[in-house]
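A.B. asks: Read top to bottom, the protein sequences are chains A and B.
Residue 43 in the working numbering sits at position 43 of the first sequence, and the numbers go up by one each step.
Residue 1160 in the working numbering sits at position 160 of the second sequence, and the numbers go up by one each step.
The reader is advised that the hints may include incorrect statements.
Unchecked claim - Okay, the calculated beta carbon distance ranges per label pair:
| id | chain 1 | residue 1 | chain 2 | residue 2 | range |
| --- | --- | --- | --- | --- | --- |
| 1 | B | Glu1231 | A | Asp78 | 50 to 58 angstroms |
| 2 | B | Glu1270 | A | Leu274 | 33 to 41 angstroms |
| 3 | B | Glu1231 | A | Val99 | 33 to 41 angstroms |
| 4 | A | Asn116 | B | Ile1089 | 51 to 59 angstroms |
| 5 | B | Phe1061 | A | Leu274 | 26 to 34 angstroms |
It is worth saying that the hints were derived from the structure and are not from the lab.
A quick note: this is a predicted structure, and the numbers were derived from the prediction, not measured.
For glycine and all other residues, C-beta sits at the position ideal for the given N, C-alpha and C.
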Amino acid sequence: MSSETKQILTTDGIPLEISLKKAERKNKIKAFLLVAPLLLFLIITYIFPIGEMFTRSIDDKMITNMLPKTFKSMETWDGKELPSEEVFTSFLSDFKILVEKKEHGKLAQRLNKEKNGFNTITKKLFRQVKRNKIDETQSIKEQIMKVHKRWRNVEYWQAIKRTAPPYTSAKYLKAMDMYLNEDNKITQVSEDRRIHRILWLRTVEVAFFVTVFCFLMGYPIAHLLATLPMKYSNLLMICVLLPFWTSLLVRTASWMILLQQQGVVNDFFVLIGLVSDDNRPEMMYNKVGTYVAMTQILLPFMVLPLYSVMKTISPSLMRAGKSLGGTPFVAFWKVYFPLTIPGIGAGCLLVFILAIGYYITPALVGGASGTLISNQIAYHMKTTLDWSFASAMGLMLLGGVLVIYWLYNKLVGVDNIKLG
Amino acid sequence: MALPKYTETRYRIWHYFYIAICTFVFIFLIAPLFVIFPLSFNAEEFLVFSEGMKNLDPDAFSLRWYKDMVYGTKNPWGLAAKNSFIIAIFATLGSVILGTVAALGLSSRHMPFKGIIMATLISPMIVPLIISGVAIFFFMAKAGLAATHTGIVLAHIILGTPFVVITVTATLSGFDHSVTRAAASLGSNPVNTFMKVTLPLILPGVISGGLFAFVTSFDEVVVVLFLAGLENTTIPIQMWTGLREQLSPTILAVATCLIVLSTLILISAELLRRRSERLRGINR
Chain A
1 MSSETKQILT TDGIPLEISL KKAERKNKIK AFLLVAPLLL FLIITYIFPI GEMFTRSIDD
61 KMITNMLPKT FKSMETWDGK ELPSEEVFTS FLSDFKILVE KKEHGKLAQR LNKEKNGFNT
121 ITKKLFRQVK RNKIDETQSI KEQIMKVHKR WRNVEYWQAI KRTAPPYTSA KYLKAMDMYL
181 NEDNKITQVS EDRRIHRILW LRTVEVAFFV TVFCFLMGYP IAHLLATLPM KYSNLLMICV
241 LLPFWTSLLV RTASWMILLQ QQGVVNDFFV LIGLVSDDNR PEMMYNKVGT YVAMTQILLP
301 FMVLPLYSVM KTISPSLMRA GKSLGGTPFV AFWKVYFPLT IPGIGAGCLL VFILAIGYYI
361 TPALVGGASG TLISNQIAYH MKTTLDWSFA SAMGLMLLGG VLVIYWLYNK LVGVDNIKLG
Chain B
1001 MALPKYTETR YRIWHYFYIA ICTFVFIFLI APLFVIFPLS FNAEEFLVFS EGMKNLDPDA
1061 FSLRWYKDMV YGTKNPWGLA AKNSFIIAIF ATLGSVILGT VAALGLSSRH MPFKGIIMAT
1121 LISPMIVPLI ISGVAIFFFM AKAGLAATHT GIVLAHIILG TPFVVITVTA TLSGFDHSVT
1181 RAAASLGSNP VNTFMKVTLP LILPGVISGG LFAFVTSFDE VVVVLFLAGL ENTTIPIQMW
1241 TGLREQLSPT ILAVATCLIV LSTLILISAE LLRRRSERLR GINR
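All chains, please: the whole structure from these sequences, using the hints.
C.D. replies: So this is what it looks like as structure tokens:
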């Protein structure tokens, strides 16, 4: 028998298999078209710009755009002795264009970051150019070298060449308090300037401890909410949900009031005699404030997933454990606790991810020691306008979050995210 | 939670200890919200309870900060509130429409690449806000939408849709698809089926997703700080500047209003959740 005769045909005479596949494909396209508008919108306005952050972070085109001719002529320079007349000539013509556009200050700033001392000599060169002191009919190399002795120093020309590569890991190294030195080796910045590593460590430390505190406080109340009769637990649930729905800034403001030196918490401590009235402890503008406020703000994110998991655990399991001879503690530890692990995973990773990107609350109640890496990103975005550096730090943070999220997915599964 | 009579003393002690811990945590969660209430009626300028307030002296209380909030000279709150509401309403509408349609597609069993698409759609919720802020700012700056209402609305749609997608897909997971087939067999076209059959059934999920989107937009400060110009100031921006510069009682008056608003939102969200559970036949 040939295979054709075995095929089942639909009423139109088309083989059923093909007809089904066609219908299936149609359904697939239909489903996809429903998702398409949002997907497209997010890809254009969100996913793509995140990708753009990456190109920005490795692409320090600023300097190559400023000195195009110089870098062209520098290509043949071996970088050991002073460059040729040609390099000096093209540098001067690039520089003149910059002076016309009034961008020579930007160049000086950028070069000074690469090697100290460029500020002065660029200014000197600027004055010479402004007064038309440089005679183009004579050797330009000689004239520039006369402007300042540093222009005769080969190290400064090497520094210019070093800024040339269009793709650079400099911003990432900077975020780790490192840089490429003259010999292209990764070196650490001097100890008193290692600020970023402190910030990374502090960010992870704050996120970790906030997660621990949230777990320690969230677990008992989630358990209570899950075991109490519905009419009581619904009432108590409001205590969790109301903060959850309340503005972050409102909650931060209330902690600022509570924790100030004349605030309610200190009043209470004085009242119960824990501290004397004239010796009230400083609880705000330091880590205490950050921890307290962030724990309260993120606690609902711990309680809700825990609660939804605990709600599904039948109380008869605990009773069975006890009836089999376990003490309540053993029954809890061997029976109940392992069953809540999915909830613990979800809650902890949710809180950790939220805490690691936190910025508003630490900035308001944390004082100087409350500055986290997010504050630094915001600072470079808004104040120094070093967007490529901000992008580099942002992507490093995102990398960390994605690793955590991947773990979360492995352990708990994305579909288990529950909202209230 | 009454204990059985035969409970040993050490478990009795442990039980009371546990209740004490829970009480402390509940107070820790809710008390900060209540501290703002009385202080916003303070007649004085200081943010501490005055002697008069402690003795419940009526003269120690006043509405002066509420008056300042509404009528104060050079007052930013009016404009901020107007902007906040306009932005939040449009952002909610956008998120709800885009999110619900996407959720319908996602919960179809024919959907290809479901995992990766779902991950993309909810990514704005997982990526730390500061990074979203930077990325969205780059886009809006390039598109010429920085410091415009449109730009902020679009940004808030990005941040709000994941909530709608999640709540609506959750509602649809308990949805009986035979009702739409029944409608189709009775001659209804897909749009009509959606409006007359599907939408009324998933409405609680849609609205509660919308509430999430509204609150997200209304509270959002990180992204808006990058995007907003002077004309686009919102309540969170004003609060942020106020809290950074000096903590004035007017902020507490605003905060009290916000707490009242969030209470209303909480109540509606709870009612909707219960209605949704009833409709989906989940009885607990």
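A.B. asks: Hint by hint, say whether it matches the structure.
C.D. replies: Going down the list of hints, with the structure as the test:
1. Taking 50 to 58 angstroms as the suggested C-beta distance range, the pair B:Glu1231 and A:Asp78 conforms, at roughly 56 angstroms.
2. Restraint check, B:Glu1270 to A:Leu274: a C-beta distance of roughly 38 angstroms satisfies the suggested window 33 to 41 angstroms.
3. Here the CB-CB span from B:Glu1231 to A:Val99 is close to 37 angstroms, well matched to the stated 33 to 41 angstroms.
4. The given range of 51 to 59 angstroms is respected by A:Asn116 and B:Ile1089, whose C-beta atoms sit roughly 54 angstroms from each other.
5. With their beta carbons about 30 angstroms apart, B:Phe1061 and A:Leu274 fall inside the hinted range of 26 to 34 angstroms.
Checked against the numbered hints listed earlier, the structure breaks none of them; every hint is satisfied.
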